[in-house]
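Respectively, the protein sequence lines represent chains A and B.
Read the first sequence against the working numbering and you will find it ends at 348, with the numbers running on by one and no gaps.
Read the second sequence against the working numbering and you will find it ends at 1331, with the numbers running on by one and no gaps.
Hints are not guaranteed to be accurate.
What the hints assert, rightly or not - With a cut-off of at most 20 Å between alpha-carbon atoms, the simulated PhoX-like pairs for lysine-lysine come out as follows:
1) A:K236 with B:K1111
2) A:K236 with B:K1075
3) A:K237 with B:K1111
4) B:K1049 with B:K1180
5) B:K1075 with A:K237
6) A:K235 with B:K1133
7) B:K1111 with A:K235
Derived by calculation from the structure, the hints in this document are not laboratory data.
Bear in mind the structure is a predicted one, so any value in this text is a computation, not a measurement.
What follows is the residue order along each chain.
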Amino acid sequence: MTLLKELSEARGVSGREGEIRSILFRHVREHIDEHRVDALGNLIVVRKARVSAATPVPRKVMLAAHMDEVGLMITEITKNGLLRFQPSGGIDPRLLLAKKVLIGDNKVPGVIGVKPIHKLKAEEMNQVLKYEQMAIDIGVTSQSAAEGLTHVGDYATFDTAYEELGPFAKGKAFDDRAGCAVLAEILKADYPFDLYAVFTVQEEVGLRGARVAAYSVAPDCAIALEGTIADDVPKKKDVSPTSQLGGGPVLTVMDRSFIAHPGMLRHAISVAEKHGIPYQFKQPGIGGTDAGAIHLTREGIPSLTIAVPCRYIHSPVALLYLQDFEHTVNLVRETLRTLTLDIIRPES
Amino acid sequence: MKELVKKLTETYGPSGFEGQVRALITAEVQGVADEVRTDGIGNLFVLKKGRDSRHRALVAAHMDEIGVMVTHIDKDGFARFTRIGGVRPLGLPGARVVFASGIAGSIGLEKLEDRTKIPDLDKMFIDVGAKDKESCPVKVGDAATFWQPFVAQHGRWIAKAFDDRIGCAVLIEALRTMPKPAYDTYFVFTAQEEVGVRGATVAAFGVEPDYAIAVDVTTTGDTPESHPMAVGLGKGPAIKVMDRGMIVHQGLKNWMIRTAEEVGAPYQLEVLEFGSTDAMAMQTTKEGIPAGVLSIPTRHVHSPSEMVDEGDVQNSVKLLAALFSRPVSLE
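Chain B extracted, bound-state conformation:
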């Protein structure tokens, strides 16, 4: 699974430009899917037929990652940029970014008037080493992502874009290893989550599942002086209770807990004070869909170097496979 995670995290795919991730996942699910299709916004639907085709389940992980987009090339060939999704200015200067074409750039910073204030993106620029505007190899509208290699050491993994390629990896691994699911199950690799859960908004409309689960990262409270939060790395997958965008369906959440206990997967409960996931959009689709979230605890989310625990990832696969191979209980 490590190889799969390495490939997924090192692939380029900012919101709206998920093509390379979609191609990789399509290749990875070859032979285990009953049907593969893409929709107009770029969501990838992978259907695995179940034992009972009268019901449909949906599980989603988003393919896109945060990034930056060029807004202007100045006369000297430096590229001004804006954010794609929740990119924080702190940590950007000096970071390497890469464009779809493979062109790399370093993020530079203007001379600051006030060094005690965190500068916003308008004080920064991408330097691709161009000599002037005419020879600059990137143009307005080109998107870039962080560029970092995947690292594995003593059971912990470091990479860019664990949010949410680690979710994609968990879905793919569950697809490959699980027995026939209880219901027709749509593994949906969504587009444009980071810019407002846009892919998931339209994905659930077409599938009309009986219930839906999003697999995404969650932050932790186990680093020095962090915001207080019960979730920590290495304590198992987190079962979400609530975040800023949704309150998880009670019955679904309780069923997820019972299943974790029955299969002996460690788990922790998650209350997230910031952010949300695809489940938020799916929950309010059409007449409303019972929705839950399986979260993978992740440190340094939305930075160029996020961190997960290998055991948490393995247990997430185990729990997800168990959930979708059993009949659901929403009570």
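Next comes chain A alone, as it looks inside the complex:
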């Protein structure tokens, strides 16, 4: 999984996805016929129809995977040279203390400071620090020294190496570099329609890239590819794990952003069953994806979300099961190959 490693270790918080875009373009360029980068930074690549189909098929199908990850933005440099920050995208503040980060284009290393346990009062043990109470230490002692290395507005990302732990992959930003890596694989196969693969920007701050990309592509239908929540650690109550590692690709029925197109959902399920690909449904009512923006574009675009289950997303380190990744690639590829116009046609 050299591409997943490269994508996971690269840095691209919302609005600064350039590094991810370059890596992806380098990887997919030999498989595509056209490409463009739009005003917001979406990378839109086209793989033209290469085979013909026996039944009528859609003309244009859009696949979306977002390049951006969650991170921290530097908001202030203090007199002592410490960096104050705010989150970009959803980050649990409890995860931040004593984490290593890299700041700005020059990858200035830093550590999010923490009070030693020896000095914690009993009541402080039960408190969650607010973002305003934390700071990044980059090893300087003055504001001017810090200003020589970094600026307000720079992004900090988690400094996490990709590693394979037996059949699992460990790394940061699997949401949604896992989806990007799936999409890069999908571009290697042949389809009976023009495949518009869109590597989107600014998903984590409100599905912003996908909205304008879908407007310009105007596809007949779309699939968002994601790395989604697996909350499958043991629990006291018998409740949903959202999704499970090892359970195969995750299909969304309904999340906070959209309700899956019933025909496309049925089609993906029947493909999984026909090919013996394991699959699972995501816990309804949780999260949202680029499909939320895409399906409301223009006169409405039938949409679906298929995801790789990942533990600990939106944190410095996530875990995925490599076989789930392979199954997701297979399910998306076979779903596309057998997609017909009937499947996305309105029901009467």
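Since the structure of chain A is provided, determine the placement of chain B on it from the hints.
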């Protein structure tokens, strides 16, 4: 009309799963429509050609109702669930729900640690009477709605899903009874209103109407200790001035008022502090569309037993038919 309202409210159709409502409405408008089509999100467009085809009008009522969706089946066969749209926890325990397949369930409640607090949905479950997980007839992703019969008594009607099947009924009845409309008029039965006016967001994009009116329910201020609101049951259809999602086009609103006065339909003015309607999405479509709302006063909105006044419904049909048979004035 009572029979139509009974059929519409008793039909299953949570957001995203409006197929049964769509089929019923398609059958009901047979013979009065010039064109019927469905779009990708599930909106149903019923066109009635007008005297002047250079202009287009749009009137919308949403087909979907609030509901619940199964999130997990536990080992004993109980179904945990989430909300579809604005479902309030108060009033859920003991309510009956029904799935598309016809399977019914009762909503149960865990033993509560603190009985003074309203429990959220994670303390509840749907009991379909299954013996265990394997034999449970519903699965993750299955959607259910409240299950209540329609009741009519002394001029008041009680049912689930008046929001917004009563709007659908008013549109259908207007379609059947009105003369040829002034303009080509699209009666749009929208999908997914309760989860964020999603159907209407894409419906107006394709039709590009000169103006649009949504027909939906509004709450009232005439029940004991209710939130103060001027709207009451039995005082006629409400013409919306403002809600949380939109300020109604002034000219359109004034034209609606004048029309009500000219045809002798009682009306009341509505300012709603919570919620919005399909008109909110249509108003900001493309370059902007003058949009208004005709509201049917409804008590106990989003509960399993909502209530409307028969006279308000009849007057809504009368006003809607009058509005769309006349040339619009936006001044």
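- [ ] Mind checking the alpha carbons of K237 (chain A) and K1111 (chain B) for me, to see if they're no more than 20 Å apart?
- [x] This hinted pair holds, its Cα atoms lying about 13 Å apart.
- [ ] Would you check the hint for K1111 (chain B) and K235 (chain A), treating anything up to 20 Å between C-alpha atoms as holding?
- [x] At roughly 18 Å apart (the allowed maximum being 20 Å), K235 (chain A) and K1111 (chain B) satisfy the hint.
Open item on the list: Holds or violated: K1075 (chain B) and K237 (chain A), Cα atoms, limit 20 Å.
Closed with: Holds, at roughly 11 Å.
- [ ] Compare the distance between the alpha carbons of K1049 (chain B) and K1180 (chain B) with 20 Å, and conclude whether the hinted pair is satisfied.
- [x] Distance of about 7 Å is within 20 Å: holds.
Open item on the list: What's the verdict on K235 (chain A) and K1133 (chain B), does the C-alpha distance respect the 20 Å limit or exceed it?
Closed with: holds (18 Å)
Task: 20 Å Cα cutoff - pair K236 (chain A), K1111 (chain B) - done: holds (15 Å)
Task: K236 (chain A) paired with K1075 (chain B) [C-alpha distance capped at 20 Å] - done: Answer holds: K236 (chain A) to K1075 (chain B) is near 13 Å, not above 20 Å.
Going down the numbered hints, you'll see the structure goes against none, and every one checks out.
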